[in-house]
Structure formats: structure tokens, C-alpha cells
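**Student:** Given chain L, work out where chain B should sit, using these hints.
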Amino acid sequence: MRVDDRLLGLILVVFGIAIFLIARTFPLMAGLPYGPGFFPSIAAVGLMVCGVVISVTGALKARTAVGAAPAEPLSADDRPVAAAVKGGVVRPVLIGLIVVFFGLTLQPLGFHISATLTVAAAAFVFGAGPIGGLVLALVAAFGVHAVFYSLLRVPLPWGVLTPVAW
Amino acid sequence: MSIEIFAAVFTVENLTVILLATLYGTFVGAMPGLTATMAVALLVPFTFFMDPIPAISAIIATTTTAIFAGDIAGALLRMPGTPASAAYVQDSYRLAREGAARRVLFVSLITASIGGIVGVAILAFTAPQLARFAIGFSSFENFWLATLGLTCAIFAGSGTVAKNLASLFLGLFVASIGIDVAVGHPRFTFGNIELLDGVSFIPAMIGLFAMSEVLRNARAGDAARAVDIALDTLGAALKGALSTLKRVKRVITQSSILGTLIGALPGAGADVAAWIAYAIAKRGSKTPERYGKGSLEGVAAGGAANNAGVAGAWTPALVFGIPGDSVTAIAIGVLLMKGLTPGPQIFTNDPTLVGALFGSFFVANVVMLFTGALAIALATLILKVPRQVLMPLILLSSLVGAYAITNSTMAVWIVLVLGIAGFFMEENGIPMAPAILGIVLGRVLEDNFMLSMLKSQGEIGAFFDRPVAAVLGVITLTLWALLLVRAGLQMRRGRRATSSP
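Protein sequences appear in the order of chains L and B. At the far end of the first sequence sits residue 212, using the working numbering, and the numbering has no gaps. At the far end of the second sequence sits residue 1581, using the working numbering, and the numbering has no gaps.
Any given hint could turn out to be false.
What the hints assert, rightly or not - Derived list of chain B stretches under chain L, where covered just means 3 residues or more per stretch with a C-beta under 8 Å from a C-beta of chain L:
hint: 1; segment: 1253-1265
hint: 2; segment: 1491-1499
hint: 3; segment: 1528-1539
Claimed, not checked - Straight-line Cα separation of at most 20 Å, SDA-like style, residue types lysine to any residue; simulated pairs:
hint: 4; chain 1: L; residue 1: Lys107; chain 2: B; residue 2: Lys1464
hint: 5; chain 1: L; residue 1: Lys107; chain 2: B; residue 2: Glu1507
hint: 6; chain 1: B; residue 1: Lys1464; chain 2: L; residue 2: Gly175
It is worth saying that the hints were derived from the structure and are not from the lab. Yeah, the Cβ is synthetic: ideal placement off N, Cα and C, and Gly gets one too.
In isolation and in its complexed conformation, chain B is listed as follows:
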């Protein structure tokens, strides 16, 4: 780590931001039903007023801890605090019932930290190499990359192919609102001057991830439950956790690496990473029968993988400007707001920022050990905050946060409309990740397409003229063919839905 990067990471401001963000992330993550993405969406208005490095640190520290803290509600209430904890919630809850609640949480805290550090190590090693390769890309390659990113999102999305695609097209439509790049024609603005610039990104994210959450909670009735589990003492729990960790070293390493790789796929976030790492650890386990019934090994596998996935998602985001998950999608929006364009150039133009990002990731994962331990100590207290206090506060923060970005009431309407859209989509099994990628990448895609078309005078074949572009193009088209097959299979399965309920 060079001196400048070190100096940029270890400023009082940056360290304070990381500390506060880990506390904030722990709190939001621990709340059942509040996701890590929501935590970040609500944080963004604040990052708007920060320098780029603390802003990115805040996002990273919040996500990292929120993903861990999701396990707190999972273990104590069997309600995963974030979707990323869902894979092993049965295990952690059963273990907690057996009197090992804090031991489980320490296992997931420490594996989370290890997973995060492995993830950022891989990120720091591979991203610059990839960037060196990608620096020669033209609009043709960038077009295919964006397309490939969107295609991955369809594959990784949690719905059926048709629903994932519908989500993507909705996102692309939202991205097309406003003045078009080619001839400056206003699109879908209906005479509204404030929409000419397009749908402001941050209010859109706040709507999709925070407002929709408030609406969902309003619908969910009074699901709040009290913790009825006796907690083990902190000292014994920590000791027990450390001895467990020694036993499952191999699983932690394997899941950390796996989680990083899965996280790097656009559209596959920490939750997918946890599910897959959990399944693979189970297959290789000496005691697979314990999985789902209280396996500390399973908790370690999922806990390491989801935090590794958080780091992995930054690889495509930094190198290609293609977000690996919803959080990095928001982070790209923040960087763009600050005049920094993620992509291979950022590694040469702004090496301090990139280095500081890696550094902050590392620091956040270490600081998390302490704030996480604090949260484990105070777990029952955190879960006592009533929703009738929490939800109105989230609502107001969403609205004011969005307003703060644009200083206009239009932000409130964007939050409302996209909040309703997000609520409606989630309720009907249309995942949001593809839509987010569509909103972020829609403009990139269109800019590069139009630019390429102008270069080649409307000749579509030009998209396959350059060797790298041709390879990317063929990969994309192959994936499309596979998607069609999968969509067909899903339709047939729809017909035979009764045979396998």
C-alpha cells in the first residue's frame, strides 16, 4: 500500500465514517425485513455531501456489516434480517434454541470478516489485471459488455426468465426517460422540464428499496415478535466459536473464494452466494445430515460466502462499470454523481481512489469485528425497537433524502412511483435486481450502441468486426439461446405444475 493510499484511508474523517457506518449497518441489517440495499439507499443522500473516498467507505462499511447483522434476527427470531442470511437461517435458529445463540453469531461474525477480507484480497489482485486488459475497449466492446452484464442478471435473477426479463425491460424503459443522447429529443417527459435530465438515480433507488420496504411492512401486519431465547454468556460463546472455526477452516476458505466469484457475476448478490456456498459445503461435508437442523459448518459456509460476495460484486463494477449487485449499482451512481466514471480508466486516472477503496474494505471488515461483537452483546435490545417508530422514520428519511439530492418536489414523486412499482414487482415475483441494472446500464448501452452505429454508418456487422467484440458478442448470443431454452422449460413446467408441488 503506497503512502498516499494509506494516508487517504487512515484519515480521522474516513475512519469516523467507517465506524459510524458499521454501527448504522449493524442496526439496519439486524432489523428483520430491512435489507442491506435499503441501508445503502438511505445513506446515499449523506454521501452526496462527502468526498469520494469517505463516501465509498461509508457504502462499503454499511453493506459489509448489514449483511453480517442479518444473521442476528435470523438466529434469534428465525427471520433473516437480510435475504443473504436466509440460506442458513434454519441452522442458526435451531442452534440458538439449543442455547448457543451468541456462539452462532460469533461464528458468523468472524467468518463474515474472513470472507470479506478474502474477497477484497481477490478483488485487489484481479481488478487491476482485468482493467489493463479492458483499457483498449471501444464502444463495440462496451456495448457487448453491458449486454452481457444484463444477460447475467437475467440468469441470476430469482424469478422465472420471463419475469426477470420483464424487470430488465422496465429498468431499460425508466433509463430511456429524458432527453435522448443522439438527437436531443425529449422522451416520456410529458412536458415536464424536471424530467428532461432523466429520472434522478438516487430518488429512484430510494423509491425501489426504501419506500417499497415501508409499503411492504405496512402490508405485513404485526409480525413483530419478541425474542424468547435465553442467550449464552459472551465469554463462553466466543471461546466456543473460536474452537468451531478451527474445525471448519476448509469450508471457510472454500466458501470465501466461491462467494467472491459468485458475487462478481452481475445480478448475483450476497444471497445467491450464500445459497450456493451452503449447498456445496453440504455436499462436501462429513455431517451433511446436520445441515438445516443446526450445522455450525453451514452457518460458517453461508456467513463467509455472503460477505465475500459483497466484495466480489465490486470487480465488474470497478473494472467495467457493470454493477455486480444492487449495492454496487447504487455505488456506481454515487461515483458518477461525483464526476468519477467507473471503468478501466479509473485505475490509471484515480489509483488513490481505487487503492483507498480496497483499504477501506479491509478496515471495515476489521472494525466490524468490534461493532459486531457489540451488536451481539446488545442483540435483544436492538430487536426491541418497534416498527411503529422505525417505519415512519424510514419514510421521512427516504423522502427528505431524495429531496436533498435534487432540491425539488419531483424527487418525492419519483420515490413514490418507483416505491409502488417496487412493492408491486416484489409481491408478484418480479425481482428488482435486473431492473436496477437496466436503469444503470440502459444509458451506457444506448450511448455505446448509437456511437457504434454512427461510426459504422448503421452497419450491424461492425459489432463483430473487432476480435474481442466478436468473442463477447458470441458469448452473449449463446447465453440468449440458453435463456430461450430455459424459458421454454419453465413454461412446460408451468403446464405440469401439479406433478411436483
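Chain L on its own, in the form it takes in the complex:
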């Protein structure tokens, strides 16, 4: 999600102010002017200053950019590939929601069900068909089970499947 530098700077300033206000409530060390709030405050002030600089630079750039001649288009051979196709924000948001789902259901539903649904949903977002996604999800869930639960002995939660845990 690319935002304008002016807005980006503002976000950093607001974030800095929030940190600073919380850090001010921390106690001081006996006899010293420094305490637990000292380093967070430095970070907070730093963020505010950087935010202002980024905003101002962005504003200056935006002002001079008006009426500028468009840059010469690069030939196909020289165009950087990194700047290839850019999609919308819908899919990243969906992926984020899928992770939230995983976090919320991991304990109650158990790893196997939660992971299968998570992978299937993610595969779907990335363009896989429902059957392919489900197959991939089952393979992934049992692969992770074999590696992390059986081999590395990570106590993955069983959730509703606890009665059949092996």
C-alpha cells in the first residue's frame, strides 16, 4: 500500500507522539534523570522529526512536480521488471484476515483443522482452484504435523480433535 510521502510522514509523527505520551508515564531511576522512558522517548522524538522531514520533502517534491515534463518512456529491454504488474490491496487484506482466522482458531479448533482451512483459503486467494487448494492444504497440514509435531516435538494444539490425537 503506497501512500503519499506527506501522509506517510504524518503517520510517523502521530505514532511518535503516541509513544512519547505513553513513555512520559514511566517512572524515573532513583537519583538519575534517565529511566525506562528515556529510550522510548528518543525513538518517539526521532520518529516525529523524521516524519516532519519526510512530509516536508514530499510536499516540496509534489509542488515542483506539477507541470514537469513526463520522463521519457524506457524501452522494453531496459524497463526494470520489479515495477511489473501491481494488483490491488484486496488480496493482501484477505491474506491478513486469513492469518487472523488462524490466530483465533488455532487453540479452539486445533492445528489440523485451522491449518487446513488457512492454507486452502490462501491458495484460493492466490488463484488456485478449490479442489487443488484443499489437496494442497491437507498435504501441508500433515507435512507440518510430521515435521513439527512428530519430529521436532512442538506441542501443536489438537483442539476439537483432542479425542483422536495420536
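**Tutor:** Showing chain B alone in chain L's frame:
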């Protein structure tokens, strides 16, 4: 190499780990858009369950091969597999189009191995000397060293000064979450007991480097492309590559040494090393006009430098506990998890570990020649793995890997939050390297500052009382002044952005 070190490197376990890690590194590195750092971040949960030496070997072998394998996608698709291949991607792609794809890849494989070996030789020679010097450092010197490391990261960062600094301060803020060292006050935990210990490092790294990558790929649309280049035969390619290598010996040596030195600067990783070595090789070349249009010399320069940089980054990490790049930042986290504190003491307390690290580096660079050749043979096949299979698997590995470290759902939330943060930062030109250094060094910095303050009873001048501390302090302050100048210039350039698009 003493007997114990030899015995520690050449165990069946260690060699198996190195072999598997080179295969894994080749695969991840070859995938466009998946970085070497991501490969390491996903590997870390496994190293958690290993002994220290195989754990470090795994990280080293993965990075080394992933940096090389980045060239595979670069040559065949003109999409650098890792950022470290970007410097010479035009050259390798053009050459591949002209029918020399495998020849280019063999050149970059062999130069990568040479660069890595030169890098580790320099590392093995200089690190113990530096450690001997650094062993007398107190909290004052350590404070300045950490500050200096962070300052270097600002200089080397890929964004503007303001954006690099913002990244650093975000990292420092994340590092300050949890119980504070001085009086035990909970900071920014909002009553959450699991945050008292701070943001767990490994989930944070997985979030920043793996989760963010999944989000970025989700945004990028269907950029996957098929390889439409006819490959040359393996035998002819290898022969051609060897004759090329003889021609560009000088460039390889120069780039290997240069790459090691650049890699050793905190914040400047393999990608910066490749860019600079490429530019310098071009300046000294008899055929500079070929650069960018298909210069094997350029590929050799960049290929040697980025792998040398991987080794170079370990110098400050081992000697001072200051990571040279994102991968060594993660490695420091792994060592700390295993109860080993990187720093000058590690050379006297744990010489076997240090020696084994050098040994494994060497072995990984040799093994890479074989797994790399295999990857060159199977290149088109590797690039065929569809993203709709790969990305969900990376997502699940990230989440389960983070969970495995802490055994709590909190890890999932850390991965998500930092994943979104990393995604948002990258999209807006805020580089991640300074943030990582901030997260790793934030605690070190604060501990040493508070300790020094307690010693001197709040007297700031004490930071300049000891001679080495004073020198480090003056260097740091000078660099800060230079940074201010640079930030000012960048703002002015912002105003005149139109005159030079």
C-alpha cells in the same frame, strides 16, 4: 584447523545439515521475490531444535547458496531471485538470450564459491585479531560501538536519510517493548503478560521477512512468467565458463576482497557489495561498454562480491555482536537463544564454535558447487513451481515456525503485525535493515547506556573519558554531522526533483 574443530565440522549431522541447507537455499533463492533473508527466517524454527554448530552451519549454507541461486531467476527471467543479483541482472539476462544461459550461471556459481571462500579466509584471519583488541571494552565502548553500528546502517540503508532513520527508530521502539532493564517497569505491554519478555525475536523476523513477502506477492498480481530461453548444454557451458574465469581472474580477486569489506559494514549487505563491485569493475574494465549489455566480467564481479559480502557480514557480528546484515542479525538472535553471546569473549570462551563456523562456511561454499550445478541443470523445472502452491506453504511455515518458538498464539499476532509493518515500510521506501539492527541492538544500547550511567552517576562526559571510547564517540558524532548534511541535501534535491528526473 585443530582436531576438535575438524571433528565438529565433519560430523554426519553437520554435513547433512549443510547439504540439505544448500538444497533449500538454492530453491528459495532461485524463486523470484523470495529473499535469502526470508529463507533464513523460515529456517530458524528448525535451528531452534539443533545444536549450536549445525544451527549456524544451516544458516550459513542457506544464505550462501540462496545468494548465488538468485542469479538463476535473474538470468532466465530477468527477475533477480534475491536483491543481491539485481546489479548485473541485465548482463546475465542478455547473455542468456544470446544462448549462454548456463554458461553465465556457471560463471556466477564458481565466482560465488570463490568469493565466499576469500570472504571466510579474510574473516578467519581478521576476526580473532579484532576480538583480541575488543576484549578490554567496557560498557562505554560497547555503547559507542552499538551506536556506530546503527549509524552505519543509516548510511548504508537504501532509502533517504529520513526514511532510514525512521526505520531505525521503529526498530528501537520495538526493542523497548517489555520489562525495562533498569527498574523493571513494563513498557507498552498494555497489560499483556506475554509481552513482558519483549517482542520475541524470531516471530518478529519471520513477520518482517516472510509474512511481508507473502503480502507483497499477494499484491503483485500474476507476475509469474515462463522461461522462454533455450538453454545451452551443460558440458559446453561449463567449459565456456572456465575459460571466462581465467580471463577475469583479476576482477574476481578484486571483487571478492571488496565484497568482504563492504559486507562487514553494518547495514550494507550482499546487494550493496554487488552494486559497488560491479561499478568498480566497470571503471577498471577494458570493455566498459559491454557492462549492462551482457558482460561476463560484470557477472563475475557482482557474483563474487555478493557472496564475499555474506562472509564479511559475520565479522562485526562475531566480534562486536553488531550484525553486518539482516541474516547475521537473525543469526545473532539464534546464538543468543542458545545462550551464546556474540562478542570478543566468544573467541576465548567458545573457540570450537568460532572455528567450526569458519569451517562450515568453507564446506558450504564447496558443497554449493555441486548443488548449484544441479540447480543449473534443473533450472527451468525449479522456476515452474506455481506461486499458488508456494505462497500458502510459506504462509503456513511462517505461522507454525513462529508458534514453535514460543508455544503461544502471541507469536501469530507478532508475525501478523510485523508482517504488515514490513509490507507497508517496503512499499513506501522505508528500508528494513535499519529496523532489524534497531531491534537487535536496541537492548544492547540501552543496557550499556544505563549501566554506564549508573557507573558514572549520570555524568554524560564519562562516555568520552576512556581513550577508545572517546575515539569511537568522536567518529560517531562526526558521522552524525555528515548525516545531517546529507539529509539537508536530500531535502533540497526534493525541491529540485524536476530538474533531474
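**Student:** Now look at each hint and say whether the structure bears it out.
**Tutor:** Each hint, compared with the structure:
1. 1253-1265: holds (count 6)
2. 1491-1499: Contact hint for the segment 1491-1499 of chain B vs chain L: holds, 5 residues under 8 Å.
3. 1528-1539: Holds: 6 residues of the segment 1528-1539 of chain B have a Cβ under 8 Å from chain L.
4. L:Lys107 - B:Lys1464: violated, 42 Å
5. L:Lys107 - B:Glu1507: Within the cut-off at roughly 18 Å; holds.
6. B:Lys1464 - L:Gly175: holds, 18 Å
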